[in-house]
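For this one, chain A is given, so just place chain B on it according to the hints.
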Amino acid sequence: MRNDFRNILKKKTFILDGATGTNLMRLGLHGCPEAWALANPEALIDLQRRYVRAGAQAVLTCTLGGTRHKLSEYGLSDKAANMNRRLAALTREAVGGDVFVGGDVGPTGLFVEPFGELPFEEAVAGFAEQIGALAEAGVDFILIETMLDLQEARAALIAARETCSLPVLASMTFERGGHTLTGTDARTALITLQSLGADAVGCNCSTGPKEMLALVQAMRPYARVPIVVKPNAGMPVLKDCATRFDMDADEFVFWMRRLYEAGASVLGGCCGTTPGHIAALSGQLAGQPRPARRTEPFSALTSSTRTQLVGGPVCVVGERINPTGKKALQAAFKAGNMEKAVELGQQQQAAGAHVLDVNVGMAGVNEADLLKKAVLTLSAALPLPLSIDTADPSALEAALRVYPGRALINSIPAGGEDLEERLKLAKKYGAMFILLPLGQSIPATAAERLVLVDQAVTIAQRLGIPKESIVVDGLVMAVSSAPQAAVETMRVVRACSKRSLHTILGISNVSFGLPAREWLNAALLAMAVENGLDMAICDPESRSLRALRLSCDLLKGNDPDAQRYVAAMAAADAPAAPAREGVYGAVLSGDAHAITEHVKKALHTADARAIIDGEIIPALNEVGDLFETGAYFLPQLMRSAKAVQAAFVLLEPRLAACETKARPGTVVLATVKGDIHDIGKNIVGMLLKSHGFAVHDLGKDVPAQRIVETAKRENADIIGLSALLTTTTEQMRAVIALARENGLKSRIMVGGAAVTEEYARAIGADRYGKDANAAVAAAKQLIEAGASG
Amino acid sequence: MTAGITYYHALPVKPPVERVLLRLGYKKSSGPPPEDVVLAIDRFASRLRVCGAFLRVPITGTQAPGSVLLGDGTVISSKGLFALLDGCLEAAFLGASVPDAPALVAERFGANAADEAVILDAVAAQCADAGLDSILSIQGALIRHSGLGFTRRRFSPGYGDVALSFQKTIFDRLMLGNLGMSIDERSFMLSPEKSVLAVAGVQTIA
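Line by line, the protein sequences give chains A and B. Each residue of the first sequence is one higher than the one before, counting from 5 in the numbering used here. Each residue of the second sequence is one higher than the one before, counting from 4 in the numbering used here.
Note that these hints are calculated values from the structure, not bench results. Misleading hints may appear alongside valid ones.
[As the list claims (entries may be wrong)] Below, computed lysine-lysine pairings styled on BS3-like, alpha-carbon distance capped at 27 Å: (1) A:774 <-> B:30; (2) B:17 <-> A:344; (3) A:774 <-> B:31.
Chain A on its own, in the form it takes in the complex (with noise of 0.2 Å):
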């Protein structure tokens, strides 16, 4: 039967059934659904039997939420494997022999690490013990539907894997925007579960039959196993208060049918449809011969959210989260931190890489864990495909398991003795792989090399990896010590090249231990695209490497209509701002590291208050205004005020000795008592004292008779008063009051998301700013207002 199941898949069209839940619902079912149906099997047993009849080839075990933890919700995580083998022996009994049983597995409805907390063995386990229950109960196939989250799919499949030799389908959740709730598309999703060897991939639920159009057409040219869907009758829509999927069979099966014209050939239906839509369905669909396959050969790498396509524009390998002479990134990888990978890998994607690679590997640190530990972080935080780089077989799986995406494996030594191990590894998790055509040592020609790679592709092809998995490294060697080694690599990449292999080089070997290194690195890079690179490992910062690619993947036609070649060069040639310069400048670009230079130039011909007053003043004030006119945004706003501050560390000094002039004012500020919120008082204390002021920030959660007698004691000028909510708003109404009995003269000032202008009259406020800016302007009205007054 199994076999039967797959042959089928594999040559026409195969009818799923349709919704349980919807239809079970109006039968009474409440709270879990498959309590429910254990303790109603003739409602179940009927609906099954009627999309039998209905002509379904395959019922679905009532099992979708039957992992441990979904049924923790119920306090029933102890009976998964219980109940999972007596609802599929139910429906077993429902549908007889002559039907496919296919065992339901659903989301845990947790999310697992990366992109949430369930660790990923364990979401293992819990889909292992389902599966195993339901494979031990007979079930022809698992369908693993309706996740939202590809890693959560990659560790259903992978349990299903693990645990039988059962047919598995695989099904992703598609919203609106054609992305899962983590980001990821149709392809990326259907690349990534067929490299890891589902039997069939694509998308059930979420969306109607019409909208799935989209994601069927985005799958078909790389699918190399058949494409599931599994639509809802319609998009649900609200009619009468209450939501409805109102697509009737007829409307159904005419988007069917152009989801099969599109190449999907698994169909089936998912929430409100009925044995009516199968019906439909089945008369028009079932039996017929499965859409042809697109049979374009590719190879692509993705990670959770993109698909990296390898062959045509040279795709680039950024080689910079590696510890090997980097001090401070073996520091935070020995103290187990992330963070300056994930900022290496930012700066790499902002310069163009395409895929990042990771290495960890030095002395004194469990390189499995932390190779695990730098994927799963880099693989929630960046959204480029990666390469895992390791020589450690151990810490090659930890990472490839966890990885949730297809990564590329570097690398695999031809002449390896534990070539058909590694090459195993690549085979389960479904990933690329580098090829070293290298052994116990490096040979010197590339017919030697190529000895190698001959042998290692055929116990790949033997081993069912096909050739697109494969990129040959040509071996870059240094040419200050081997005079023909450039020569030879690039023997190695033209004929790999031939034999549809791709290739990949790292660049700056070729030019260790010379000058001018790259000029070298940059002809390397010509040389090897003319001879068919496909992948080069470099330093994506490097400007001439980046310059020579984009400019041989124009003049090699791999960059249509010149788009990525002019965009790129059109922003490199692109004039600069004008910018203003000196301690203005500084101040209005925000750049606290060059205003301290400027500050000490511009202080041999003027004293700190001459610069304040007439440079960072107007500077400001011009900041302000952009502000207000919308060309700055708050973080520009604080940048200035960042910059102001490093210049008055050096004026502040000088000021006593020049000094005509005092501050403008002493402002005491605090966000009132029950308020926990700071970032706004924080905000415009800041600024306040970039414009001069003296600031005593009382910070949050502040009593009144704290406020009050601090104004009194520093002689404040104004009381800055912040307050989110509502509720707490009326505590600034506490401290004026409390102000005012004390005799205080100063000026008070408030602001905050809840309070408005009118507000601020109501409690006697002098003054409401409405942002940090209006907040400064507001200060220097009263202060100017107390001078004249």
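Chain B only, in chain A's frame:
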């Protein structure tokens, strides 16, 4: 799990960059936002952990005009919530919080990096909202298979006629102390400050 409550200690969230920029005062008319700010938004979003909680409570009755009775004895008095929950079988209580945000923001301010502090603060605020979206997405996909769905809208205390004091009711029902959160009994302010609570309805899908 405590009495039907699902706790999430790390929710996947992708705060919408445009909303973070909006919080920072960015206007589309200003042209493309600075690349370093966008990169910082991405970087901080990946650093912040978002936790949350979810609970479904049956609705046992309604009393016009504007009271909803829940199975656990809770009475919701709000015309807005009454309208939201009208025809629903259950109320869904949701909470999300970004526990590390206040300390990280303070640390950035302390390190004289106020520009990063304000970005971090804005990202954290959007992460809390995005946390609620994530909970509704995963729970929505699961309950749909039982013939149920969430209302399209959700209400948070402090908006419309839903009193801020209702935060205390949701807080208690979700037992948010289990996530390290607290609530001020007088001001109903949540701690950590980047926390958000909401109510949605659970209705039958016809």
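Quiz item: Are the Cα positions of residue 17 of chain B and residue 344 of chain A separated by 27 Å at most?
Solution: 21 Å, holds
Practice problem: For the pair supplied as a hint, residue 774 of chain A and residue 31 of chain B, confirm whether the alpha-carbon distance does not exceed 27 Å. | Solution: 21 Å, holds
Quiz prompt | Pairwise hint evaluation, residue 30 of chain B against residue 774 of chain A, where the allowed Cα distance is 27 Å at most | solution = 17 Å, holds
Every hint, counting from the list given before, is met by this structure.
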